[in-house]
Structure formats: structure tokens, C-alpha cells
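Trainee: Read off the chains here:
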Amino acid sequence: MDFTFSEEEEALRDEVQAFIKDNFTEEVLADLTTGKRGRGFGPKAAPIFRKIAERGWNAIVWPKAYGGQGGSRITQFLVEEEFYRAAQVVIGGGGTGTPAVLASGTEAQKQHYVPAAIRREIIFCQGYSEPHCGTDLAGVRCRATRTGEGDDIHYVVNGQKIYTTNAQVATHIFLLVRTDPESRRHAGLSILLVPMDTPGITVRPLLTVQNEPGGPAGTTYGEERTNEVFFDNVKVPASCLLGEEGDGWAVSQRGLNLDRVGAWRYLISVKRDEDIVNWLKSGDERAAPLKDDAAVRDKVAELWIEGQVCRLMTMRSMTIEQRGQAFNYEGAAEKVWAPEHGVRTTEAIGQMLGPHAQLLNGSPDNVQDGLYAHNLLSAFQSTVNHGSVQVMRDQIARKGLGLPKPRK
Amino acid sequence: MDVLPDEQETLIQETAREFFAAESTPALVRAAEKDPSRYSAALWKKIADLGWLGISLPEDCGGQGLPLTYAGLLLEEAGRAIAPVPLHGTLVAALVLARHGSAAQRALLRQVVQGELILSFAVQGLQGAWSPAAEGLTGRAEGEYVVLNGSRTFVDGFRESGHCLVLYQAEGDGVAAALVDTTSAGMRGTDYVTTAKDSQARVDFDNVRVPKSALVGEPARGAAIARDLCDYAAALMTSQLAGATRRDMEFAVEYAGQREAFGQPIGAFQAIQHLCADMLIAVDGAQLLVHEALWRLDQGLPASIEVSQAKAFAGDKCIFVARSAQQIHGGIGFMMEFDLQLWYRRIVAWSLRCGSVREHRQQVAAALLEQPGKVRLGMPLVPA
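Protein chains in written order, with this note's numbering: chain A, 1 to 408; chain B, 1 to 384.
Just chain A, with the same shape it has in the complex (with noise of 0.2 angstroms):
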């Protein structure tokens, strides 16, 4: 056992945060963090994207065959963590996408994806969920027909797809699709990576309960919006295949822990807990009879340890991954744990703020420019997305604990 970052990673991390000193500037920092065009996106953040690709930062654990340093998970999280806690940005060079195309993709694809993913010039949305099936991936019916001979082998998509975080920035959308129309369940289902620009595809936006006034900095699912995108008879080269085709479930499955999993889907749970404990200490007037409240340090208490399960399930996750190993339920126990945490503490953070909690953006009175009040209209949907923790429960018990699946 080891439970702290070596010294070579600690000084990987003063370089970082003073590289985010440097360059995180007032207006930089409106930009990334503003969520009507997309967090992370607008005209001031591309060229901070670039030097940190220069940097390899976005790229440390993948191989150096396609652009990456072949580093460590561990030094990867560390790195994304800081990035993350500075503007709730998520590096990772393409995040969605370019591992399921590191583990399934043909060289071909890896040369074109992984390297143009790392400079951001590639940006995937996730392509998964219907309006008719989220969590049970298994029902999708968007429906991809394989035509035409010799030179010309291509699909043609038509469906919709819906909560497309992202698509209104993305250049490509990693695409769950079944080619098998007599297929059911997860046989029949392929991934398609399909470029955004192609004719047929309509982006049309889905405003969340974030619009209007949108959340300050630091809110957790601050999106304004995310999309539903239609196929109408979209065109899409055979070469857009990822995998084999009908083998589009295991293909997604690779990769996916890694979604489930990481120093954003940590700290989007736990930035809270040091919120609130850095607000009770900042002298506002309204905070200094709740510091000395027993109550209310009972609950901060058990927040805060609660917040270092998350941390150390974090860890558990990156070690696995670092050691090379297979998750069993772990991933899915994290993905439980930290959300619902989330949504915990985001709750009993609005207890004791009381009626000041309920103040948004732009309200008089508000606290922080209403990040507790936005984190209120926000926090149950890291239990939502993702898997649900319903049906992470469902894998822990089955393949974790080896229960049995219910009879018909």
C-alpha cells in the first residue's frame, strides 16, 4: 500500500498550478466555465488547449505511438484533477471516444483519431441514449443499413439520439447504432464514428434546468444545454466502423469505466464539501454562528469523511487501472457512492444555509453567486447520467456479490 503522490507527481503538480496561475486569467476563466456555449469551450480557451497538448498533459497514459507519453494513470488523474478543480474543465484529450477507439479501433483509425483528439482538433459527443431508452443501452433502435459495393461500402443512419452533451461543439459523435434490424437486445448493435458536419444531421438544442440565469463558476453540471441530434439518411463510410460490426456492445463497454470514473466525475461530488468548510471559515457574517453550531458540525463531519471514501474509491479505481487489472464492481460501487454523496451533502448544505440556498445567480442576498443553489438543481443528475445507480447497484450485487438474477 501507498497513499500519496510520489515527488516527481507533486512537483508535476506545482508546475501545473502555476502553468493555470499563469494562464486562467478572469476572462479565460468567464469563457471556460460559462455553460450556454458548452463548458470548456469558446474562443479564449483554444489556445490554453493547445499549450496544454504541447505540454502532453492531456495525453500522459496514452501510448506515445499515437501522440500520447505512455505515462501513468495515476499522473494522468493528478494532472486532470488540477485542471478540473480550476475551472471544471475536463482534459483528457478527447475524453468520450478516443479510448474506446485506443482499444478497438484498427491502426488506421488510432492514427487519425488519437493524435488530432490530443491537439482537440477531434471533439466526440457520446451518442447513446433515446428518447425511449437511456439507461437500458440495449433498446436502441437508431438504425444504420450497410449499402453499396466496391469503393462506395457505406451506412446510412437514420433515428435520434437524445441528451447529447456536447454536440453542439463536437466533430465527430461516437455513435451506439444497430446495424442488425432483426437483432434484439445487444446483439445487432454497432459503433459508428460519425463526422458532425455530415448532411442529415440536425442538432437541436435541449435547455436544462441550468438556463436562465445560468450557474456562477464552480456550479457541477452547469450545461445550459445539451441536444437531441436526428439522422435523416446520413451517409457514413464503411471506414467510420469501429470494431467489428454487431460487436458495437463490447466495443462500448470498453472504455466505459474510465467515463464512470476519474478525477472530474470525483471532484463534481466532493468540490462541495470544501466549499461549504472554506465558506464557514470565510468570516460572512451569516456563516459564523453556523461554524459553532454542534449540528451543523456533526453533518460537515460526516460530509467531509464521506468525501475521502469518494477520494479513496478514486484511487482504488486508478490503481486498478494502473496495475493493469480488471475492474469487477468497483467502478460501479464509485459510481454509486460519490454521486449519491453528492446529492447528500448538496442537500445538507442547503439545510444549513436555509432560505439563503434557495437564491440564485444574480439574486440579491445569494451566497457565492448562488453556487448552492444551482449544485441544489443539479446534484441528482450525476446519480442519473452515466448509469444509473440503480443499475449500478444491480452490477454490484451480480457481479460483485454473485447474487442471482431473477426468474421470469
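One or more hints might be untrue.
Derived pair list, reagent style SDA-like, types lysine to any residue, alpha-carbon separation capped at 20 angstroms [to be verified]:
(1) A:Lys-299 - B:Glu-359
(2) B:Lys-45 - B:Asp-35
(3) A:Lys-291 - B:Ala-384
The following label-pair restraints were derived from C-beta to C-beta distances [claimed, not checked]:
(4) A:Pro-63 - B:Gln-299: 32 to 40 angstroms
(5) B:Arg-323 - A:Ala-65: 22 to 30 angstroms
(6) B:Gln-127 - A:Val-391: 47 to 55 angstroms
(7) B:Arg-376 - A:Lys-44: 22 to 30 angstroms
(8) A:Arg-323 - B:Ser-184: 49 to 57 angstroms
(9) A:Pro-47 - B:Gln-299: 37 to 45 angstroms
(10) A:Gly-148 - B:Arg-376: 55 to 63 angstroms
(11) A:Arg-344 - B:Asp-49: 45 to 53 angstroms
(12) A:Pro-63 - B:Gln-371: 39 to 47 angstroms
(13) A:Ile-153 - B:Gln-8: 49 to 57 angstroms
(14) A:Val-391 - B:Gln-264: 19 to 27 angstroms
(15) A:Pro-63 - B:Glu-59: 54 to 62 angstroms
Beyond 12 angstroms from chain B on every Cβ pair, some chain A residues (computed) [what the hints assert, rightly or not]:
(16) Glu-27
(17) Gly-42
(18) Lys-44
(19) Gly-150
(20) Val-277
(21) Leu-280
(22) Asp-292
(23) Ala-301
(24) Gly-307
(25) Val-309
(26) Ala-332
(27) Met-392
(28) Gln-395
Treat the hints as calculated values from the structure; they're not laboratory data.
Yeah, the Cβ is synthetic: ideal placement off N, Cα and C, and Gly gets one too.
With chain A held as given, fit chain B onto it using these hints.
Mentor: For chain B alone, coordinates are given in the frame of chain A:
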């Protein structure tokens, strides 16, 4: 950063698990509850023969010199089998003596490692508060002696221990520690009847004369010694508690897979599955926290807050797990003839020993709120 046990740690843990599964059977546990000593001398001897009593003691004291995390893993496994032996009290006192004791006191540790000398420790006063402040017992210097008056409570293994590591308030010198011969005149133990049916006792001191050679460490070191004693005790109690709780959860999972109701195993129902998932998460959390605390203690890093985090979490969650295991078992779970209650009764007791949830949370809250500067998860806190 690598927060899971490595190969050697896993090997020791598995070896201990097999040993305790074979040697510490429920029948042995039941027999020990009826024995006045409350422990199995035969099992104690076998543990000593394996060298495990010195697992994390220095080699110059006859120990194996392995990191404290190994002692934690050993306690987890002893707890898993609710082994009726005074392992916790002996290891805690021995670790403090190894670090702070005189040459003569360190020499005693060879007898401890051989299994010939059982140790206990005494921290709490009549209020039952878990604190290194040593309230409730005073020591007055008289020539070459210190005279102790007052009481200590919840002293586990007192009856069988040869020496007891006692915290007291020295006149004018603050907190101090002494290794007291338990046969000293004026010292009287009264057995408690606890849910665990274990060997905790109240110990009353009536003008107990302790030679100055029995004092542990320099007077100026008293607070640090008391802190170490409390940290080792609470951390290793959490290890023992987490080990017992994991086994308790496993009983429930096994039972849920077999017991049928409404035409199928109850473990196929999501209501049971989701409860079991939460039980697993709770035990894992307690274990991760205590591993970090023990690792930091071993590295000589400040660890009191990490210890409090672990004990507060375990005290809260382990009882949830044990109560849920009872729920899953239904009526059979609380029948004396069924073994599950052996675990439940100990988990209740151990979650209350070495500091309550409330007390440990107070330590964490004070470190969070009374120290200047901003806090950040992952950056250690300093006790207030």
C-alpha cells in the same frame, strides 16, 4: 499511489484468514464466552507460535518489523473470525512501548511476542470519554513512586493481562503514561457484562504505588504518547471491526442466495440486491479509510484525523451492515443457536469502543473549522 494490498500483504492476509477460519470456530467463540477469562489460551498460543504477536514490532524487540499495515490486516482477519483472544489490547500496548518505552519495558516485548505476557491499556474515565486528556485518574509523586488514584473504564483484557498501559494526569506535568503491574496493591478490576460478552472491565485505583521505573517516556512526551496510544487503539479497533463486518455481510449474501421465498432465492430480488450492494460499499469504505490511517501512522506522518475519519465512518456504517444482515436473515438471525448473532453483538460493541462516531466527528470538525487556511480533500488536516 497504490491503495490496494500488494502481493506480500495479500499473502499474509490470506494466510491469516485460513488460519483463523480453521482455528477460531464459532464453537470456540461460544466456549470462550462461558470461560471466566473470556479468551482461548490454546488459540493465543498458536498465534504466538506463528510469530504474529510481533508482526509489526521492531526486530530488536523480537518482532518481524513489518509495517503497521500488516498488524491492521492481521486484526481484520482476527475480527473476521471474531477470534476470542486479547490481540487488540496486547498489540496496541506493545506498539506504544516499542516506540516510547524504556529498555526494560522494550525487553518485556520478547515475552509478549512469545505469548507469555498479555498486555492491556487504559484510557477512559468514568464518563467514558475517548480522549488522550487522561481525565479521571491522577498520579502524585512520592519519592521513587507515583501514587495513582481514580478509575479507568472499558479496559479490555484486564483480568488476564500482566501489565496495563495506563494514562493518568500527573500532578503539574499533564498527561503521563505508566506500565502498571496488574497485581499491584490497591488495583481492583470489576468485569462488565457487555453485548460482546468480552473481557472489558472497570479498574479502580486506590493509592496504587507505581515505581518510577514503570513510567513510560519522559514527562514532556506524555501528550505524544497518549496521542499514539489513542491512534493505534482506534485504528486497530477499526481494522477488527471492518473484518468482522465483512464476514457478517458475506453471511447475508450467502443466505440470500439460498433462502427461497415467493418461488425464488430472496437474493434475486432487487430490494435485497441493492441492500447488499450498499453493505459492500460501506465495508469497503471503512477498510480503505483505515488502511490509509495505518499507512500514515506507519510512515510517521500526522494521522490522528485519518484515524478519526476511519473510526467515525466504521462506527456508523458497520452497524448498518450488521443490522441489514440481520434483516436479510429474518427470524433465524436472532436465535442464540444461529451463529450470526455472535458477529452482531461484537460489531455493536466494537463500534462503540475507542471513540464514538460523535467524538471522532468532533475531532474532524475541529480540524476542518478551527485551523486557518482553506481545506482541500486529499491534503492532510492537522488536529485543532
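Trainee: For each hint, tell me whether it holds in the structure or not.
Mentor: Now the hints, each set against the structure:
1. A:Lys-299 - B:Glu-359: Given pair A:Lys-299, B:Glu-359 holds - Cα atoms ~13 angstroms apart, limit 20 angstroms.
2. B:Lys-45 - B:Asp-35: Holds, because 17 angstroms separates the two Cα atoms, which is no more than 20 angstroms.
3. A:Lys-291 - B:Ala-384: holds, 14 angstroms
4. A:Pro-63 - B:Gln-299: 32 to 40 angstroms: Once the Cβ atoms are compared, 34 angstroms apart, the range 32 to 40 angstroms for B:Gln-299 and A:Pro-63 holds.
5. B:Arg-323 - A:Ala-65: 22 to 30 angstroms: violated, 54 angstroms
6. B:Gln-127 - A:Val-391: 47 to 55 angstroms: Because 48 angstroms falls inside the window, the suggested range holds.
7. B:Arg-376 - A:Lys-44: 22 to 30 angstroms: holds, 27 angstroms
8. A:Arg-323 - B:Ser-184: 49 to 57 angstroms: Holds, at about 53 angstroms.
9. A:Pro-47 - B:Gln-299: 37 to 45 angstroms: Roughly 42 angstroms apart at Cβ, these two residues keep to the hinted range, so it holds.
10. A:Gly-148 - B:Arg-376: 55 to 63 angstroms: holds, 56 angstroms
11. A:Arg-344 - B:Asp-49: 45 to 53 angstroms: Taking Cβ atoms as reference, A:Arg-344 and B:Asp-49 lie about 48 angstroms apart, which means the hint holds.
12. A:Pro-63 - B:Gln-371: 39 to 47 angstroms: Hint holds: Cβ distance 43 angstroms, inside 39 to 47 angstroms.
13. A:Ile-153 - B:Gln-8: 49 to 57 angstroms: holds, 55 angstroms
14. A:Val-391 - B:Gln-264: 19 to 27 angstroms: The hinted range 19 to 27 angstroms holds for A:Val-391 and B:Gln-264, with Cβ atoms some 20 angstroms apart.
15. A:Pro-63 - B:Glu-59: 54 to 62 angstroms: Distance hint for A:Pro-63, B:Glu-59 is violated at roughly 45 angstroms.
16. Glu-27: A:Glu-27 clear of chain B: closest Cβ-Cβ about 24 angstroms, beyond 12 angstroms.
17. Gly-42: holds, 27 angstroms
18. Lys-44: Holds: least Cβ distance 27 angstroms, greater than 12 angstroms.
19. Gly-150: Its Cβ never comes within 12 angstroms of chain B, the nearest being 51 angstroms, so this holds.
20. Val-277: violated, 5 angstroms
21. Leu-280: violated, 6 angstroms
22. Asp-292: Violated: least Cβ distance 9 angstroms, not greater than 12 angstroms.
23. Ala-301: violated, 4 angstroms
24. Gly-307: violated, 5 angstroms
25. Val-309: Violated: least Cβ distance 4 angstroms, not greater than 12 angstroms.
26. Ala-332: violated, 8 angstroms
27. Met-392: violated, 8 angstroms
28. Gln-395: violated, 8 angstroms
Of the numbered hints listed earlier, those contradicted by the structure are 5, 15, 20, 21, 22, 23, 24, 25, 26, 27 and 28.
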